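Q: Read off the chains here:
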Amino acid sequence: MKRTPEQKLLDPVPGGTLARVAEFGIDLSLIAENMRLSPEQRVRRLQQAMNSFEKLRDEVAKSKLSDQ
Amino acid sequence: MIDIEKAITVLAGESADFVIIGGVALSIHSAAYVTYDIDFCFARERMNLERIARALQPFDPRLRHFPIDLPFIWDASTLSHGSVFTLETTIGDIDLLSEVKGLGTYIEVLEQSTVFQLFGFAVNVLSVNGLITAKTAAGREKDTPGLKHLEAIRAANSDEEP
Chain H
25 MKRTPEQKLL
35 DPVPGGTLAR
45 VAEFGIDLSL
55 IAENMRLSPE
65 QRVRRLQQAM
75 NSFEKLRDEV
85 AKSKLSDQ
Chain Y
12 MIDIEKAITV
22 LAGESADFVI
32 IGGVALSIHS
42 AAYVTYDIDF
52 CFARERMNLE
62 RIARALQPFD
72 PRLRHFPIDL
82 PFIWDASTLS
92 HGSVFTLETT
102 IGDIDLLSEV
112 KGLGTYIEVL
122 EQSTVFQLFG
132 FAVNVLSVNG
142 LITAKTAAGR
152 EKDTPGLKHL
162 EAIRAANSDE
172 EP
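Protein chains in written order, with the working numbering: chain H, 25 to 92; chain Y, 12 to 173.
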């Protein structure tokens, strides 16, 4: 029976492309999760991730300044 | 940091001819990939340059990493004199490219794109195969994780396994 993209990502065939990508260190479950979203939701999720990273970067910069 | 929705909707709102390329395109295709700017490939026709200039004008575009006192006029004429613009704006960093390595000019990039409905507009986004071609041609080490994401998306959507 043909597997869905999500099934392929969550249970990659050993030795296949997806297994190799997972071995490289890519979390395939995150891609599977994104596939469940609409393209617009994916953009919003990216925006949230960017906002979080930005906040973290600012905090790190602030703590470096206070250490000086 | 880029306001992705704003960047897309102001260009689409002016009916500018553009294709989303780069990290945001990866995310639209489901990659779990974080980027800090947005890259657009644009058509160089005069009318389109005017649309792009008009769309981004309210956000005070300037060349990134250039001295603040360096005179820079943002208009269609300036756009007509270059093929790559790395801009900082009040809505974040925006890169405009009229050509993409490995693919060619806007028309070739458009041929390799897919239409997505985003924020009320039909928006051209470089396809997974197009992104793989472009990132492979660029040959940059920093693109390797992005390429892996794209390979995974292509393999997952393929009719064949593995």
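One thing to keep in mind: the hints can contain errors.
Stated by the list, open to error - Here are the computed distance ranges between Cβ atoms for each label pair: (1) H:Glu-30 to Y:Asp-80: 52 to 58 Å; (2) H:Gln-92 to Y:Asp-86: 29 to 35 Å; (3) H:Asp-35 to Y:Pro-156: 30 to 36 Å; (4) H:Glu-64 to Y:His-76: 14 to 20 Å; (5) H:Asp-91 to Y:Pro-156: 47 to 53 Å; (6) Y:Glu-110 to H:Lys-86: 29 to 35 Å; (7) Y:Leu-74 to H:Asp-82: 38 to 44 Å; (8) H:Glu-78 to Y:Leu-74: 38 to 44 Å.
Said to hold, decoys possible - Derived coverage of chain H by chain Y (criterion: at least 3 residues anywhere in the stretch with Cβ under 8 Å from a Cβ of chain Y; other residues may be distant): (9) 50-59; (10) 62-71; (11) 82-92.
Bear in mind the hints are in silico, worked out from the structure with no lab data behind them.
The structure presented is a predicted model; accordingly, all values stated were derived computationally and were not measured.
Using N, Cα and C, we set each Cβ at its ideal position, and we do this for glycine too.
Q: Would you mind marking each hint as holding or not holding in the structure?
A: Outcome of the hint check:
1. Look at H:Glu-30 against Y:Asp-80: about 53 Å separates their beta carbons, and that is inside 52 to 58 Å.
2. For H:Gln-92 paired with Y:Asp-86, a C-beta distance near 43 Å fails the hint of 29 to 35 Å.
3. At about 22 Å, the beta-carbon gap between H:Asp-35 and Y:Pro-156 misses the expected band of 30 to 36 Å.
4. Under the hint 14 to 20 Å, the C-beta atoms of H:Glu-64 and Y:His-76, about 32 Å apart, miss the expected range.
5. Here the CB-CB span from H:Asp-91 to Y:Pro-156 is close to 31 Å, at odds with the stated 47 to 53 Å.
6. Distance hint check: the CB atoms of Y:Glu-110 and H:Lys-86 are about 40 Å apart, inconsistent with the given range 29 to 35 Å.
7. Taking 38 to 44 Å as the suggested C-beta distance range, the pair Y:Leu-74 and H:Asp-82 does not conform, at roughly 24 Å.
8. At roughly 22 Å, the beta carbons of H:Glu-78 and Y:Leu-74 sit outside the given window of 38 to 44 Å.
9. Coverage of the segment 50-59 of chain H by chain Y holds [criterion: at least 3 residues with CB-CB distance below 8 Å; count 9].
10. For a cut-off of 8 Å, the count of residues in the segment 62-71 of chain H with a CB near a CB of chain Y stands at 8, and the three-residue condition holds.
11. Only residues whose beta carbon comes within less than 8 Å of a beta carbon in chain Y count, and the segment 82-92 of chain H has 0; fewer than three means the coverage is violated.
Consistency note: the structure conflicts with the earlier hints numbered 2, 3, 4, 5, 6, 7, 8, 11.
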